[in-house]
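Residue numbers (the numbering used here), protein chains in the order written: chain A, 5 to 436; chain B, 429 to 1423.
Derived from the structure by calculation, the hints contain no laboratory data. Check before you lean on any hint, since a few could be wrong.
[Said to hold, decoys possible] Listing some non-contacts, in silico: residues in chain B with all C-beta distances to chain A over 12 Å:
| id | residue |
| --- | --- |
| 1 | 450 |
| 2 | 544 |
| 3 | 661 |
| 4 | 694 |
| 5 | 700 |
| 6 | 715 |
| 7 | 822 |
| 8 | 908 |
| 9 | 918 |
| 10 | 986 |
| 11 | 1127 |
| 12 | 1129 |
| 13 | 1172 |
| 14 | 1177 |
| 15 | 1354 |
[As the list claims (entries may be wrong)] With a cut-off of at most 20 Å between alpha-carbon atoms, the simulated SDA-like pairs for lysine to any residue come out as follows:
| id | chain 1 | residue 1 | chain 2 | residue 2 |
| --- | --- | --- | --- | --- |
| 16 | A | 268 | A | 197 |
| 17 | B | 1408 | A | 202 |
| 18 | A | 436 | B | 1246 |
| 19 | B | 1386 | A | 202 |
| 20 | A | 285 | B | 1390 |
| 21 | B | 531 | A | 197 |
| 22 | B | 531 | A | 198 |
| 23 | B | 1407 | A | 198 |
| 24 | A | 409 | B | 1310 |
| 25 | B | 992 | B | 714 |
| 26 | B | 1264 | A | 336 |
| 27 | B | 1264 | A | 114 |
| 28 | B | 529 | A | 197 |
| 29 | B | 1264 | A | 104 |
| 30 | A | 285 | B | 1387 |
Since we're looking at a predicted model, the values are computed, not measured. Positions of the beta carbon are idealized from the N, C-alpha and C atoms, including for glycine.
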Amino acid sequence: MKKINSTISLFVLLLFFGNIVAQQTPAKAQSETISIIGATAHIGNGTVIEDSILIFENGKITTIGPKTTATAIGKTIDASGKHIYPGFIAPNSTLGLVEIAAVRATNDDNEVGNYNPHIRSIIAYNAESKIVESMRPNGVLIAQITPRGGTISGTSSIVQLDAWNWEDAVLKIDDGIHVNWPSPFTQGRWWLGEEPGYKANKKYDTQVTQLKDYFAQAKASLQSKLDTKNLPHIAMSGIFKGTKTLFVHADSEKSILDVISFSKSQNINKIVLVGAYEAYKIGEQLKQNNIAVLTSRTHSLPSYEDDDYDLPYKNAKLLLDAGVLVAIQNSGQMERANARNLPFQAGTVAAHGIDKEKALQLITSNSAKILGIDAVVGTLEKGKDATLFISNGDALDMRTNQLEKVFIQGRTISLETHQTKLWKRYSTKYSK
Amino acid sequence: MKKIIALFVLCIVYNTYAQEYFPKNDGVKTTDVNYIVFKNATIHTSPNTEIKNGTMIIQKGKIVQVGTSVSTPANSIVIDLKDKHVYPSFIDVYTNFGIEKPKTKNTSPFGGNPQYDASREGYYWNDHIRPETNSLTVFKYDKKKADEFIKEGFGVVNTHMPDGIARGTGLLVALNNEGTQGDRLISKQSSQFFSFSKSAKSNQSYPTSLMGSMALLRQMYYDANWYEKGNATNTDLSLEALNEHKKLPQIFEAGSRINGFRADKVGDEFNIQYTIVGGGDEYVRIDKVKATNARYILPINFPDAYDMSDPYMSNLVSLGDMRHWNQAPSNPSILSKNGVPFSLTTHKLKKVTDFTSKIQKAITYGLSTEKALASLTTIPAKILGKENVLGILQKGAYANFLITSDTLFKKENIIYENWIQGRKNIVNDMSSINLNGSYELTIADNTYELTISGKPSAPKTKIKLGETKIGSTITYKNNWINLTLTDPDTTKTQYTRLSTIISKNTKFWSGKAILPNGQETTFIVKQKPKETSSEKKEKTSKIAHEKPRVIPVTYPNIAYGATKLPKSENILFKNATVWTNESEGILKETDVLITNGKIAGIGKNLVPGNAKIIDATGKHITAGIIDEHSHIAAAAINEAGHNSSAEVTIEDVISPDDINIYRNLAGGVTSIQILHGSANPIGGRSAILKLKWGESAENLIYKNAPKFIKFALGENVKQSNWGDNQRIRFPQTRMGVEQLYIDYFTRARAYEASKKKGTYRKDTEMETLIEILNGERHISCHSYIQSEINMLIKVAEKFKFTINTFTHILEGYKVADKMAKHGVGGSTFSDWWAYKYEVNDAIPYNAAIMHNQGVTVAINSDDGEMSRRLNQEAAKSVKYGGVSEEDAWKFVTLNPAKLLRIDDRVGSLKIGKDADIVVWTQHPLSIYTKAEKTIIDGAIYFDLEKDKVARKQIAQQKNELTAMMIKEKNSGLKTQTPKKKEKQHFHCNTLESIY
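So that you can see chain A by itself, here it is in the shape it has in the complex (with noise of 0.2 Å):
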């Protein structure tokens, strides 16, 4: 009852604000100590604990393990034959920095100049997006908000989905900033009458050898003690202290070997590869080198003629039968509406060769520990964040994910959107 009540006073406000509606009210704090038994939790770590009991207050985990092990508290919630999962997490997205793609004036992903370490994607960040609310019913419930564009891009930083405005989003700031390396081929201008394929960029050792100057000059710069600051360059010495993450965008095999020899040449600890399409040709020295792999979409094509048709399904697990550390991420077209599929996107590489609960760690446990929120986030287990939810079935398939109840750091957290709102509008006017 009270949802259709919700539900019509909204749709007064409609009448007076048309689709301008902010998203969904934040949750308040949690109140009260909340139990969950009976399901079967998956933890995120690769484990899973069957009929299980989870308890969590003011918003972190107290209490993991069988049933048997321990007494509810508080409010308790009955899950049986459900299944709990950790928050899904979406690294390398723009939720919230751009709302519809097509409307210039929604658009705040890209920045001008080639090399911006120093703009923050957190500042545009809008929490009130009504993208960011579709994500909660499939269980995407923390994002890596990066901005895009130029050789440096700028300064990621990693939010949970539900709150007021960007400070309250903030999960951590300023975590890691972005270099798209140079690509060791170039396309071809058809317009101009030149052959439209891919070739190799004559200007790639200038490009590779201008960032590493660049990085150079940074590091110059810091020693400095001069009034005169550059702004960009300070950006950069959380990287050089290792405070920062550093994620290296790059597809071939090339330039991947040339990331990892940068790497070390720069003395650059942290240090992760995003898309990667060709890093399973070198697993073995990507282990080596400890450099992580946000990899390419799953639900992606592949990108030579010759490649195995489900070599896009199947990248992360050739990854992690090296021993890489590897997490999805879903950048590319429609990456916003489509953030939401991730389940779905580890999914399809538990059909192709991996054990779900492997499959699940490509977006829960292996996320946070390269973004570095594992202490958090990322697992089901005591002292975390109770950022978790409730599903009647496997939700990493989209014929059983039904998401009942969703925490966010132990906050309960509304499952109605935007869409669902309209749904249920329009069912409404065809139930009349």
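Add chain B to chain A, keeping to what the hints say.
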């Protein structure tokens, strides 16, 4: 290198053949009536006939007599050609010799204002139709270029202005460097030229696509026919010219095998047999090439090997491109063996001077020398209708012939002279003595080792003093040798110069030497016994001309192509979970029997008969997935040059070798509709395909396919997201879209009325619209917003027809009741939204709501990636809105079959329907399932096990070809840098698929 180029082609100046009626004021009138008699030669009068010890007599640029017992007239100059051969000079039918190709005005596809109207008056409505072009008016004889052709053996070239779709007439020119234009011009309007490419001289938008070019050609022919009958009130110089020249040879620059088929198809519709300028890839589907019955003009720009030495770069090259390198040199030989007549052209060669070596390569790959000669003489002459005067040595023919040292195309052969219209062009001095060999050269006290190699008329030298290399240059002209040696002491800039006349005795010669100090002395040269140097040479030339293994072609000729097309099999699948999509529902532990390409039985314990038994325990069997909205496997998608393009059809531009067909099969897809894009309110006609990987375009298209056309509404058709320049085409608002439809349908009714009366101008666009009005062609309309959906329903009802399908239809849920009432289906995305303003209210519950209101719902892809996971997209309808699994599955099988009106053949498992089925590893809606076998008409087109084998074979074959290419590189042959080919963009305004 101070090579004296002039020696290569030296034109002897005769008295010009001044025309007899021309006045003369610079002297007395002299008329050359003498004969030139060539004796004792082996005369190859045609590719198959030769006269040994023959005599040929020429006079005034023509052949007077050829034979053995021929008497020499008194006023003759006699040339003895003992041991030499005489051949007709070559003809190149396809060049732009002496005509500069205009440069494109457009630099960026996105800049500038679009131009919809023609820029000319008195001509056809489209600037790219220029049949009135008379290439003679822009022709400027190019002596330098002519020299290049002459050197390669050409005597006559056909040339034209290579610009536009209808390009006008070309001219036939003899390469008579010393003659006048009047002498050279064999035909001022020799042939009419066409292509699919637009003119660089105009920015007129239409056509923006290959299918638009094809439609425009057809309309041009209809209009020309109508004009010829005197129906037009205006003068149209283009159509007049087209009609006037329709009896000339019609030459079509297709540029690729598949475009050749497309050109031939257009020609067949108007009883025109084009001579097709091919792409060099005809060998891939020789049976279809043969079926065109066309003569071909083939380029021989066989690709250089890719430089595979950098493994990171070599990854770019696909197996298909590697194979083409390996297979392309066989192209002429394969056409020849299959009886396809062709002429060879220098067109597409980087340099005309590459011609001989490429011909030799074709011969190494199996082309017979007779056919090679025919392709350069009799066949091009026949194409031009000049077989009695060109390409042949007979009485009355032009005195265009070659004098050679040996049979043509032999590696050792030397072309001495190329006579054109009775004028001698010396390519290599016939009197030159072959000095090649090793010698001892003694000057003063030093004895040098001298090696001479190269062509007799342009020798090269290497000189050594002991172990020291000595720099040297040599010239050989009129039997005089001049040889300059640098000093053994390289710090000194001083030279020894030698000079002598060469006699026939090359074993010993001597002459004057001038030493660095100015002293004169005598040098002596003694020949060493031959062998060492020539042996070495043979070795290197062997590598260059060794024929590597030629990889057999596959269907299609790229990775994952099959060596043989799969055939229909009789198979009994045992014990599967069977999703019938019929009233029987989902049947557990059930058998499915397919025979002769049809479903023959569904039930328990079926009798196999002669069928192969496959145990499918634990597997699921369903009908194949059908994608109502696909853009794969097409060379063009949008004809965006007009606001209506009902005249174009995707069937014209199917690309059967798109790898995405295979990838779709791997996702369980068996049928697709390729829709035109959404660039205009009235789009183009669709193609409905079965994904029979490896088949030709025609065989992919459904037999008796239902007729469909794409319409579109909203942001794309009003060009909202096309940039600020695109603001002049009507309509720019949704209001205008309605009026556009009313206008076109009203006009179509009027057209139909005049058609019934009998006098009308045939208009493909109107013909298509009449089909819609009469319910013979069905609309699939791209649509988003409820207002416009409602509008189109009203327009259709006004004109008394029904819209078949709203595709995308993201706000269908808002007007589902109206849709159900009108009887239109909805083919939607599962969960796309938010990428543009009009999809802001798109919801993933759309399919469920429409379905609940009784609309026939399908889930489509519009995307080559999503199309291979349509089972997952269907499953989302279970998640969003709670559709039953059985109904959700129909969203991608039976329902799209209904919407495409092919549900009598496919879409469910029912006895008698086509055996288009998929065996899944598990529940087909599960994220964890995989298509294990995808079967169309009973033939297995995808099989997980076969896919594994194919992967291995691809790797092996790439390895083999890489090794071959590295070998070529190491032997010093030219290579090209690795490239990854992308889908060919037909024209700059081609818009990639618009959602």
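Evaluation of the provided hints:
1. Chain A leaves residue 450 of chain B outside its interface by the beta-carbon criterion, the shortest separation being 46 Å against a cut-off of 12 Å.
2. Separation of residue 544 of chain B from chain A is adequate, the least Cβ-Cβ distance of about 19 Å exceeding the 12 Å criterion.
3. Even its closest Cβ contact with chain A, about 39 Å, leaves residue 661 of chain B beyond 12 Å, as expected for a residue assigned away from the interface.
4. Distance to chain A confirms residue 694 of chain B as a non-interface residue, since its nearest Cβ pair spans about 25 Å, more than 12 Å.
5. With 12 Å as the threshold on Cβ separation, the claim that residue 700 of chain B sits away from chain A holds: the shortest Cβ distance comes to roughly 30 Å.
6. Annotated as non-interface, residue 715 of chain B keeps its C-beta farther than 12 Å from every C-beta of chain A; the closest such distance is 24 Å.
7. Residue 822 of chain B, annotated as away from the interface, keeps every beta carbon of chain A farther than 12 Å; the closest lies near 45 Å.
8. Once the 12 Å rule is applied to beta carbons, residue 908 of chain B is consistent with being away from chain A; the minimum gap is 48 Å.
9. Remark: the non-interface label on residue 918 of chain B is consistent with the geometry, its nearest Cβ contact in chain A lying 36 Å away (cut-off 12 Å).
10. Look at residue 986 of chain B: its CB is around 6 Å from the nearest CB on chain A, not clear of 12 Å, so calling it non-interface is violated.
11. Taking the minimum C-beta to C-beta distance to chain A, about 22 Å, the non-interface status of residue 1127 of chain B holds against the 12 Å cut.
12. Listed as outside the interface, residue 1129 of chain B is consistent with that label: its C-beta sits roughly 23 Å from the nearest C-beta of chain A, beyond the 12 Å cut-off.
13. Annotated as non-interface, residue 1172 of chain B keeps its C-beta farther than 12 Å from every C-beta of chain A; the closest such distance is 27 Å.
14. Every beta carbon of chain A lies more than 12 Å from that of residue 1177 of chain B, the smallest distance being close to 36 Å; the non-interface claim holds.
15. In this structure residue 1354 of chain B is not separated from chain A by more than 12 Å, as the shortest Cβ-Cβ distance comes to only about 6 Å.
16. In summary, the hint linking residue 268 of chain A to residue 197 of chain A is not supported, as the alpha carbons are separated by about 41 Å, beyond the 20 Å threshold.
17. For the hint pairing residue 1408 of chain B with residue 202 of chain A, the CA-to-CA distance comes to about 5 Å; that is within 20 Å, so the pair holds.
18. For the given pair, residue 436 of chain A sits about 15 Å from residue 1246 of chain B by alpha-carbon distance, which is consistent with the 20 Å threshold.
19. A C-alpha spacing of about 19 Å is found between residue 1386 of chain B and residue 202 of chain A, which places the hinted pair at or below 20 Å, so the restraint holds.
20. About 19 Å separates the Cα atoms of residue 285 of chain A and residue 1390 of chain B, which keeps this hinted pair within 20 Å; it holds.
21. With a CA separation close to 11 Å, the supplied pair residue 531 of chain B and residue 197 of chain A stays within the 20 Å bound.
22. A C-alpha spacing of about 14 Å is found between residue 531 of chain B and residue 198 of chain A, which places the hinted pair at or below 20 Å, so the restraint holds.
23. Our distance criterion of 20 Å between C-alpha atoms is met by residue 1407 of chain B and residue 198 of chain A, whose separation comes to about 12 Å.
24. Distance restraint check for residue 409 of chain A and residue 1310 of chain B: the Cα-Cα separation of roughly 18 Å lies within the 20 Å cut-off, and the hinted pair is therefore satisfied.
25. Proximity of residue 992 of chain B to residue 714 of chain B is assessed by CA-CA distance (about 15 Å); at most 20 Å being required, the pair is judged to hold.
26. Between the alpha carbons of residue 1264 of chain B and residue 336 of chain A the distance comes to roughly 16 Å, so the proposed pair stays at or under 20 Å and holds.
27. For the suggested pair residue 1264 of chain B and residue 114 of chain A, the alpha carbons sit about 18 Å apart, so the restraint of at most 20 Å is met.
28. With a C-alpha separation of about 14 Å, the suggested pair residue 529 of chain B and residue 197 of chain A falls inside the 20 Å cut-off, and the hint holds.
29. Of the pairs offered as hints, the one joining residue 1264 of chain B and residue 104 of chain A holds, with about 5 Å between alpha carbons and a cut-off of 20 Å not exceeded.
30. For the proposed pair residue 285 of chain A and residue 1387 of chain B, the alpha carbon gap of about 17 Å is at most 20 Å, so the pair holds.
Checked against the numbered hints listed earlier, the structure breaks hints 10, 15 and 16; every other hint is satisfied.
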